[in-house]
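A.B. asks: Sequence:
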Amino acid sequence: MAKLNTEQIFNDLKEQIVKGVYPPAFSLTEVNLAQKYGVSRNTIKKSLMMLESEGLVSFERNKGAKVRVYSIEEVLEFLEVREVLEGFIICKTVDAITDQQLQILEDLLKQMKTLLEQKELLAYSRCNQEFHKVIYDACTNRTAVEVTTQLKIQMRKYNSKTILAPGRDVSSYSEHLQIYEALKARDMEAAEHSMLTHIRNVRKTFQEYYTLLL
Numbered sequence: 003m004a005k006l007n008t009e010q011i012f013n014d015l016k017e018q019i020v021k022g023v024y025p026p027a028f029s030l031t032e033v034n035l036a037q038k039y040g041v042s043r044n045t046i047k048k049s050l051m052m053l054e055s056e057g058l059v060s061f062e063r064n065k066g067a068k069v070r071v072y073s074i075e076e077v078l079e080f081l082e083v084r085e086v087l088e089g090f091i092i093c094k095t096v097d098a099i100t101d102q103q104l105q106i107l108e109d110l111l112k113q114m115k116t117l118l119e120q121k122e123l124l125a126y127s128r129c130n131q132e133f134h135k136v137i138y139d140a141c142t143n144r145t146a147v148e149v150t151t152q153l154k155i156q157m158r159k160y161n162s163k164t165i166l167a168p169g170r171d172v173s174s175y176s177e178h179l180q181i182y183e184a185l186k187a188r189d190m191e192a193a194e195h196s197m198l199t200h201i202r203n204v205r206k207t208f209q210e211y212y213t214l215l216l
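Numbering-wise, this note's numbering comes out as the position in the sequence shown, counting from 1, plus 2.
Hints should not be assumed to be uniformly reliable.
To be verified - No farther apart than 27 Å at their CA atoms in a straight line, the calculated lysine-lysine pairs in the DSS-like style are these:
(1) Lys112 - Lys94
(2) Lys135 - Lys206
(3) Lys135 - Lys5
(4) Lys112 - Lys65
(5) Lys94 - Lys154
(6) Lys48 - Lys112
(7) Lys154 - Lys21
(8) Lys5 - Lys68
(9) Lys16 - Lys47
(10) Lys68 - Lys16
Said to hold, decoys possible - Just the calculated beta-carbon pair ranges, DEER-fashion:
(11) Gly66 - Arg128: 21 to 27 Å
(12) Arg128 - His195: 23 to 29 Å
(13) Glu183 - Glu17: 31 to 37 Å
(14) Glu82 - Arg128: 31 to 37 Å
(15) Ser55 - Asp97: 32 to 38 Å
(16) Val172 - Phe61: 29 to 35 Å
(17) Glu132 - Glu210: 47 to 53 Å
(18) Gly169 - Leu104: 17 to 23 Å
(19) Asn203 - Ala27: 26 to 32 Å
(20) Asp109 - His195: 23 to 29 Å
Hints in this document: simulated from the structure, not taken from any laboratory. Cβ coordinates follow ideal geometry from the N, Cα and C atoms, glycine included.
Please model the entire structure based on the sequences and the hints provided.
C.D. replies: This is the structure we're talking about:
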């Protein structure tokens with residue numbers, strides 16, 4: 003069996019971090035990882051440095067690499083930037099989104115409603131991600147989408163838990179419904195307002211329940 007190369011290990015570790023398998027502050031020991039992947043410590047070191055460049059890993063002196071922990075101040079700064087980008091993206095999407103993509107959003111909303119009723123909140127969160135992906139796919143400005151996606155990758159281990167905050171499930175569904183209705187009506191002003199309200203409420207959730215989302 004061929005050994006994994008640096009990029010393959012980087013991609014695998016990145017996926018585990020984003021999914022939360024390796025949570026914030028988790029120690030990524032070079033010796034253990036080298037044994038797990040059957041490669042040299044130098045190969046692991048290179049992969050970890052690639053993860054550091056994407057903001058997913060931090061190196062501490064005499065302690066090695068750990069999954070990066072973001073302070074509340076950093077999280078809120080990310081969301082400030084994301085608010086601007088998401089508002090821009092939704093405006094670029096209103097006229098470009100297709101009827102087929104609108105149908106996908108409608109179907110996702112039906113799933114989300116059912117999942118809420120069943121209290122399947124993490125599954126709801128995955129549908130939430132798909133909902134936003136449809137909007138990104140429809141957006142005509144790919145640079146804005148790429149920058150936003152990279153920000154969300156860094157924050158996904160936190161974002162996926164916001165739905166667990168008290169009362170966030172009902173308000174989240176309502177916000178997504180309003181975004182869909184504005185897109186369906188091709189109403190740019192309403193779409194932008196709905197998206198900005200959504201991101202601001204996510205930011206408020208982090209402010210109130212940061213420790214719960216770690």
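A.B. asks: Output the indices of the hints that this structure fails to meet, ascending.
C.D. replies: 3, 4, 6, 11, 14, 16, 17, 18
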